[in-house]
Amino acid sequence: ETGVTQTPRHLVMGMTNKKSLKCEQHLGHNAMYWYKQSAKKPLELMFVYNFKEQTENNSVPSRFSPECPNSSHLFLHLHTLQPEDSALYLCASSQEWENSYNEQFFGPGTRLTVL
Amino acid sequence: GENVEQHPSTLSVQEGDSAVIKCTYSDSASNYFPWYKQELGKRPQLIIDIRSNVGEKKDQRIAVTLNKTAKHFSLHITETQPEDSAVYFCAPPGGGNKLTFGTGTQLKVEL
Numbered sequence: 001e002t003g004v005t006q007t008p009r010h011l012v013m014g015m016t017n018k019k020s021l022k023c024e025q026h027l028g029h030n031a032m033y034w035y036k037q038s039a040k041k042p043l044e045l046m047f048v049y050n051f052k053e054q055t056e057n058n059s060v061p062s063r064f065s066p067e068c069p070n071s072s073h074l075f076l077h078l079h080t081l082q083p084e085d086s087a088l089y090l091c092a093s094s095q096e097w098e099n100s101y102n103e104q105f106f107g108p109g110t111r112l113t114v115l
Numbered sequence: 001g002e003n004v005e006q007h008p009s010t011l012s013v014q015e016g017d018s019a020v021i022k023c024t025y026s027d028s029a030s031n032y033f034p035w036y037k038q039e040l041g042k043r044p045q046l047i048i049d050i051r052s053n054v055g056e057k058k059d060q061r062i063a064v065t066l067n068k069t070a071k072h073f074s075l076h077i078t079e080t081q082p083e084d085s086a087v088y089f090c091a092p093p094g095g096g097n098k099l100t101f102g103t104g105t106q107l108k109v110e111l
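Chains A and B supply the protein sequences, listed in that same order.
Using this note's numbering, the letters of the first sequence correspond one by one to residues 1 to 115.
Using this note's numbering, the letters of the second sequence correspond one by one to residues 1 to 111.
If we strip away everything but chain B, and leave its shape as in the complex, we get:
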């Protein structure tokens, strides 16, 4: 199965700064790399994903970069805002749509 490590476990930034969260996976056959966001007391929701045939994808203030050789992908959030405060999970699939969730990163954006 897929082994997933996510770092850091907690991240505190000032509003307007950038945040980067890294996810390392083990299965070299993985071809899909999503990030989910879970706000306090709410359900996880997909915020961005990337397929293995591209190295970077952007959607406004968030981006995901992929390094298949090193088997890691990262979530980048620029110009952070208070509403970005949440837990972020990487979840590369280990076969079919069987997502293997990382341990999560608690992001806190301070005013």
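Excised from the complex, chain A in its bound form:
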């Protein structure tokens, strides 16, 4: 699969579990994003990384911990989540962060269910 890939596609976890979501982009982009998409709510930006450096943290609880080892990979580490964290988590990438004209390319998402 080309473009932006995410694994796993589906994840069920208990509130005490620790899990990680993975995103990889094959587009040569420099900016990567994590979004949360809940039912009947707009996509919420969580984190932005530009050239591996975090540039935005949209007041996300510390139980979500992002990691960006290089411009192609982005992780979201999860621990002690709450049932209200159940949602579709989307990764996206764009050529660069500074240019507001850049199209964002989304991955297929990870459907997370917290029991």
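These are computed hints drawn from the structure, not numbers from a lab.
The beta-carbon is built from N, C-alpha and C at its ideal position, and this holds for glycine as well.
Honestly, I wouldn't trust all of these hints.
Said to hold, decoys possible - Output of the computed footprint for chain B on chain A, the stretches with three or more beta carbons under 8 Å from beta carbons of chain B:
no.: 1; segment: 48–62
no.: 2; segment: 109–115
What the hints assert, rightly or not - Once the Cα atoms are required to be at most 27 Å apart in a straight line, the calculated BS3-like pairs of lysine-lysine come out as:
no.: 3; chain 1: A; residue 1: Lys41; chain 2: B; residue 2: Lys68
no.: 4; chain 1: B; residue 1: Lys71; chain 2: B; residue 2: Lys57
no.: 5; chain 1: B; residue 1: Lys108; chain 2: A; residue 2: Lys36
no.: 6; chain 1: A; residue 1: Lys36; chain 2: B; residue 2: Lys58
no.: 7; chain 1: B; residue 1: Lys42; chain 2: B; residue 2: Lys68
Knowing the structure of chain A, use the given hints to seat chain B on it.
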């Protein structure tokens, strides 16, 4: 930050009719106005965008119009087809490439 409102939240049209979705934003410095389409169970994808130096842009059956004075832009779909059924999001950026997504419009094209 950018405040974005999108209307209507749901829209049902007959195949072949036109559909219009409106997005209102708050940041007068916004200079880029994209629309994303998300089909059921799929990822959002950019379908059309416009920069602030033009008032209208067309791409086959879809068009976007911009009114900077009133701070709103609209998505127009003509000759709607069943494959146009999806959720449409406006997403003006609030700084850098930080898109602020609207609440979405569920478009249903009925046969």
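So, going through the hints one by one against the coordinates:
As drawn, the segment 48–62 of chain A meets chain B at 3 residues by the rule of a beta-carbon pair under 8 Å; at three or more, the given contact holds. Coverage of a stretch by a chain is defined here by at least three residues with a beta carbon nearer than 8 Å to that chain's beta carbons; for the segment 109–115 of chain A and chain B the count is 1, and the condition is violated. Taking the CA atoms of Lys41/A and Lys68/B, the gap is about 26 Å. The hint holds against a cut of 27 Å. A hinted pair counts as satisfied when its Cα atoms are at most 27 Å apart, and Lys71/B with Lys57/B qualifies at roughly 17 Å.
Between Lys108/B and Lys36/A the CA atoms are separated by roughly 24 Å; this keeps the pair inside 27 Å, and the hint holds. Distance restraint check for Lys36/A and Lys58/B: the Cα-Cα separation of roughly 31 Å exceeds the 27 Å cut-off, and the hinted pair is therefore not satisfied. Of the supplied pair hints, the one linking Lys42/B and Lys68/B is violated, its CA atoms being roughly 31 Å apart against a limit of 27 Å.
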